[in-house]
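Visitor: Chains as they are written, first to last, in this note's numbering: chain A, 1 to 226; chain B, 1 to 341.
The set of hints was computed from the structure by calculation and includes no laboratory data. Computed from a predicted model, the values in this text were never measured in an experiment.
If you want the footprint, here are the derived chain B segments under chain A, 3+ residues with CB under 8 Å:
| id | segment |
| --- | --- |
| 1 | 110-124 |
| 2 | 163-174 |
| 3 | 242-249 |
Just so it is clear, CB atoms sit at the ideal spot from N, CA and C, and this is done for glycine as well.
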Amino acid sequence: MYLLLFWFATVGHGQTTNYALKFIPTFNNQPLQLYKAYYLPNINDSITIEGLRFYVSGVKLLKGVKVVHELVNGYYLVDATIPETQSLELDLPKPFIFDQIQLHIGIDSITNVSGAMGGALDPMNGMYWAWQSGFINFKLEGTSPVCNSRNHKFQYHIGGYMPPFNALQTVTFSCTNDGDLTVYIALDKILGSLDLKLEPEIMSPSAKAISLSTIIKQNFTTNIQP
Amino acid sequence: MKKLWLILFGLGLLSFTVSKGFKLAYPSYFPKPVYDFKKNPLTQQKIDLGRVLFYDPILSKDNSISCASCHSPYNAFAHVDHDLSHGINDQIGTRNAPALINLAWQSEFMWDGAINHLDMQALAPISHPKEMDEDIANVVSKLRQIPMYRGLFFDAFADSTITGAQTLKALSQFQLTFISANAKYDSVMRKESVFTEQEANGYHLFKQHCNSCHTEPLFSTYEFTDNGLNIDSTLNDLGRVVISHNPLDSFKFKVPTLRNAAYSFPYMHDGRFAKLSQVVTHYTSLTFCNQKDKRLQQPIILTQNEKVDLVAFLLTLSDKSFVFNPNYSYPKEILARWRRD
Numbered sequence: 001m002y003l004l005l006f007w008f009a010t011v012g013h014g015q016t017t018n019y020a021l022k023f024i025p026t027f028n029n030q031p032l033q034l035y036k037a038y039y040l041p042n043i044n045d046s047i048t049i050e051g052l053r054f055y056v057s058g059v060k061l062l063k064g065v066k067v068v069h070e071l072v073n074g075y076y077l078v079d080a081t082i083p084e085t086q087s088l089e090l091d092l093p094k095p096f097i098f099d100q101i102q103l104h105i106g107i108d109s110i111t112n113v114s115g116a117m118g119g120a121l122d123p124m125n126g127m128y129w130a131w132q133s134g135f136i137n138f139k140l141e142g143t144s145p146v147c148n149s150r151n152h153k154f155q156y157h158i159g160g161y162m163p164p165f166n167a168l169q170t171v172t173f174s175c176t177n178d179g180d181l182t183v184y185i186a187l188d189k190i191l192g193s194l195d196l197k198l199e200p201e202i203m204s205p206s207a208k209a210i211s212l213s214t215i216i217k218q219n220f221t222t223n224i225q226p
Numbered sequence: 001m002k003k004l005w006l007i008l009f010g011l012g013l014l015s016f017t018v019s020k021g022f023k024l025a026y027p028s029y030f031p032k033p034v035y036d037f038k039k040n041p042l043t044q045q046k047i048d049l050g051r052v053l054f055y056d057p058i059l060s061k062d063n064s065i066s067c068a069s070c071h072s073p074y075n076a077f078a079h080v081d082h083d084l085s086h087g088i089n090d091q092i093g094t095r096n097a098p099a100l101i102n103l104a105w106q107s108e109f110m111w112d113g114a115i116n117h118l119d120m121q122a123l124a125p126i127s128h129p130k131e132m133d134e135d136i137a138n139v140v141s142k143l144r145q146i147p148m149y150r151g152l153f154f155d156a157f158a159d160s161t162i163t164g165a166q167t168l169k170a171l172s173q174f175q176l177t178f179i180s181a182n183a184k185y186d187s188v189m190r191k192e193s194v195f196t197e198q199e200a201n202g203y204h205l206f207k208q209h210c211n212s213c214h215t216e217p218l219f220s221t222y223e224f225t226d227n228g229l230n231i232d233s234t235l236n237d238l239g240r241v242v243i244s245h246n247p248l249d250s251f252k253f254k255v256p257t258l259r260n261a262a263y264s265f266p267y268m269h270d271g272r273f274a275k276l277s278q279v280v281t282h283y284t285s286l287t288f289c290n291q292k293d294k295r296l297q298q299p300i301i302l303t304q305n306e307k308v309d310l311v312a313f314l315l316t317l318s319d320k321s322f323v324f325n326p327n328y329s330y331p332k333e334i335l336a337r338w339r340r341d
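Only chain A is shown next, with the shape it has when bound in the complex (with noise of 0.2 Å):
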C-alpha cells in the first residue's frame, strides 16, 4: 500500500489538478516595470509603458490534436498593474495528461454578442466599448515623447469580434503536465512594430487592430529566458 502510494507520487508526477498559467510582461527580455522609462532602436526614444490589460479566456489542454479539457466560461483579465492577475489557477477537475495548451487572446464572438456579465466580463472593467458593443481583447497604453497627441499618450484598444475585424488570437504552446506554464510577451517587440509617432492611437475595429492582433500573438512565447 505504502509502495502503491509512492508509486502514485513519482510515476504519477505532474498529474496535478493545480496548474497554473502565468504571464510575464518583458522589455528587452527583463520583466516589465511600469513606468520606467525604456529606450526603444526603431523610434530613437524613450517610451514609457503605464497599463498592460487583456484577456485569456477558451483555455485548452490539448494531448497532440485532441482536446482532453476544456476550462468553459474561463474568462480571465491579465493586469500588469495587479500581479494576482498574472498567475491564472487552473483549477481542473482531474489530473489530465497533456502536452499544449491553447488558449484565446481576447474574448469570442458569442460571448461578445451575450449581453451583460459580471466579474472578468463586467463592463466596469474598463475592456468593453461603448458606442460600438464589443469587448477590448487587449490593452497596452503609455507615454513616449515621439506621440503626437495629448499629453503623448499612446492608446492601442485592439478587439473586435464582427467580420471582416475579428481580432481574436488563438494560441497553442507546447508543454508539459509536470510544471507550470509560463509565457512570456515581448512588449519591445511589439510596440516596435508600431508607428509610435503617427499612429499612436488604434481604439476600434480596423484592419489596423487586425494586424496589430497578429503581431501581439507573434510575441506570446514560452521561450523567452529573462
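With chain A held as given, fit chain B onto it using these hints.
Guide: Just chain B, lined up with the frame of chain A:
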C-alpha cells in the same frame, strides 16, 4: 422527513421574498421575444431598480441628464421636440432619439446597430466621448455611496456590492417592460373593435406599400435598409456601413417601428420630418436614384385622400395605455418608500 419539508418550505419562502418573478404579457399574435430572459430573469425588484436608474441623472458624468431626459414616456420614450438629441456626446448629437418600444424583440440597437445587446446599450449614453470605456465604473462608485441604491440592489440581487453588470441588467429589465400592444390596431386584431372606413382603406394601402419593411405586428423587420432619404450634407451620417464595414450598407438605417408614431415625432434618424404627412409625401415622391431598396422600386402613387387614409391608419397604432402607463413614469412611489424607511 419533517425537517426536510421545513427546509423546503423555508427555501420556498426565502425565494419568494428575495425575488418575485415577473411575467411579461404580450399578445398571442406577437412572435417570441429575442431577448434571452434566462440570462436575466425578470423580477419586480429588478424592474423597480431599473426604473429608478432610468430617471436618475446620476448616470451622466455631470449629474445633469437622465435616460428620461431624452426618452420621455409621454413620447413613447422618444425625445420630444428635438430633431437631434442634445446631450453628452458628439455622436449622440447627430441622431434623433428613437422611441423605446417592444425592445425585447430587437437584437441590434441604435439607428446603425452599433449596439449588439440591450444590456450593453446604456453604456453608450453613460460614457463620455474620450474616456469611452471607463465611465460605468464611475457610475458604480457613485451608486455605492448612496444608501438607497445599496438597498435597492440588495433587494434586487441579494447583494449590495453593486456591479456594472447588475446596473445594466436592471436597466434592461425596466426597458423590457416597454411593451406596446394595446392600440386600436390591436383591439381590431383581437376582434374587440373595427376600423373606420378611412382606417380600413389606410390599412389596405399600408399592406400594399409599407408592410414589407414595417411588418406587422411589431411594425418593423428591424433590418437595415435605405428608404430613399437624401443625405443631409451637414451630418454626413453614413449609417450601417460604419459598423459593418460593408460598402453595400452605406446610408442604411434600422427600420423603426411605427407603433406610437403619432407620439414619437420628429421622424427619421435625423428627425428631418415633423409630421406623418411629410413622411408619406417622402415615400410618394421618391425619384429613381433614391429607390435603392427593391421594395420601393415601384412608385407609390397616392391620391390626396389616400394619403389622409394612410395617416389615419398610422394613428391606430397609438397606444394611450402605453404612453400613460403609471408603471413607466417617474418612480415617485419607490423613492417615497426609501425616504420613509
